[in-house]
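Using the sequences and the accompanying hints, generate a full structural model.
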Amino acid sequence: VRQKIPRFTVYPSSHYVTPRERVLAAVDAIKEELRERVGFFVKEGKLVEAQRIEQRTRFDLEMLQEVGHCKGIENYTRHLSGAQPGDPPPTLVDYLPPDALMFLDESHVLIGQFGGMYNGDRARKTTLVEYGFRLPSALDNRPLKFAEFERKMRQAIFVSATPAQYEQDNAGQVVEQVVRPTGLVDPVVEVRPATHQVDDVLQEIRLRVDANERVLITTLTKRMAEQLTDYLSDNGVKVRYLHS
1 VRQKIPRFTV YPSSHYVTPR ERVLAAVDAI KEELRERVGF FVKEGKLVEA QRIEQRTRFD
61 LEMLQEVGHC KGIENYTRHL SGAQPGDPPP TLVDYLPPDA LMFLDESHVL IGQFGGMYNG
121 DRARKTTLVE YGFRLPSALD NRPLKFAEFE RKMRQAIFVS ATPAQYEQDN AGQVVEQVVR
181 PTGLVDPVVE VRPATHQVDD VLQEIRLRVD ANERVLITTL TKRMAEQLTD YLSDNGVKVR
241 YLHS
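All letters in the sequence shown, in the order written, are residues 1 to 244 by the UniProt record's numbering.
Don't read these hints as lab results, they were simulated from the structure.
If you're wondering where the values come from, they're calculated on a predicted model, not measured in any experiment.
No residue lacks a Cβ here, since even glycine has one placed at the ideal position from N, Cα and C.
Check the hints yourself; a few may be wrong.
[What the hints assert, rightly or not] Mimicking EDC-like on lysine to aspartate or glutamate, the simulated pairs with C-alpha atoms at most 20 Å apart in a straight line are:
#1 K71 <-> D140
#2 K125 <-> E49
#3 K71 <-> D28
#4 K31 <-> E66
#5 K125 <-> D87
#6 K125 <-> E36
#7 K152 <-> D140
#8 K43 <-> E33
#9 K31 <-> E130
#10 K31 <-> E74
#11 K222 <-> D234
[Claimed, not checked] Computed Cβ-Cβ distance ranges for the label pairs, DEER-style:
#12 M63 <-> A147: 28 to 38 Å
#13 Q168 <-> P97: 23 to 33 Å
#14 Q51 <-> L110: 40 to 50 Å
Okay, here's the thing in structure tokens:
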């Protein structure tokens, strides 16, 4: 235990805690960006886009000045945080201590998703910016790129049954897990011919009954489960089917 905290306030996601001074400074920065963006659209002959971005942004600015927040305030994160264009956004990763240990579960999928999150977000917001629904600074309210996350990554354990090339290239030590977390090893699988499979099942059931054990059988359809139940019952097996 590093320290004991007698009191700590956790604000809900709907509560905005940005200081008033910071909000007013952001308003000035947003006005300047709006002026440049309207000028760009007018120069390009896109008058509809110019009117749209000015109308939407002016409304947001009025809300910020009067009540301190507005709908879609996250699109002005860069101005509210004082970050520079292109800077990585603040995320929960920034709050982890330097000696934190990160587990990347199913890393062969997760690592690829980092790039997918950024590219998908970028494509969607680029369209909004081009048509005057959002200012270009909205592009900086985004997921981390993988390269940015990699720089913030602490000690990491990649957990994967099928590690990709990245894990193989960057892993300092590979530990193979043979035993399942439950302590049970994988069962031995035996594949038999489909010929006389019902009689084969009946024979195996009798062997398990002699050992005072039970048997679980899966079928392809509900109807097959019912028919197999009838057959086994006729042959003296205590059996029940279970399906929806």
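task = Kindly indicate which numbered hints from before are broken by the structure, ordering the numbers from low to high.
result = Of the numbered hints, all hold.
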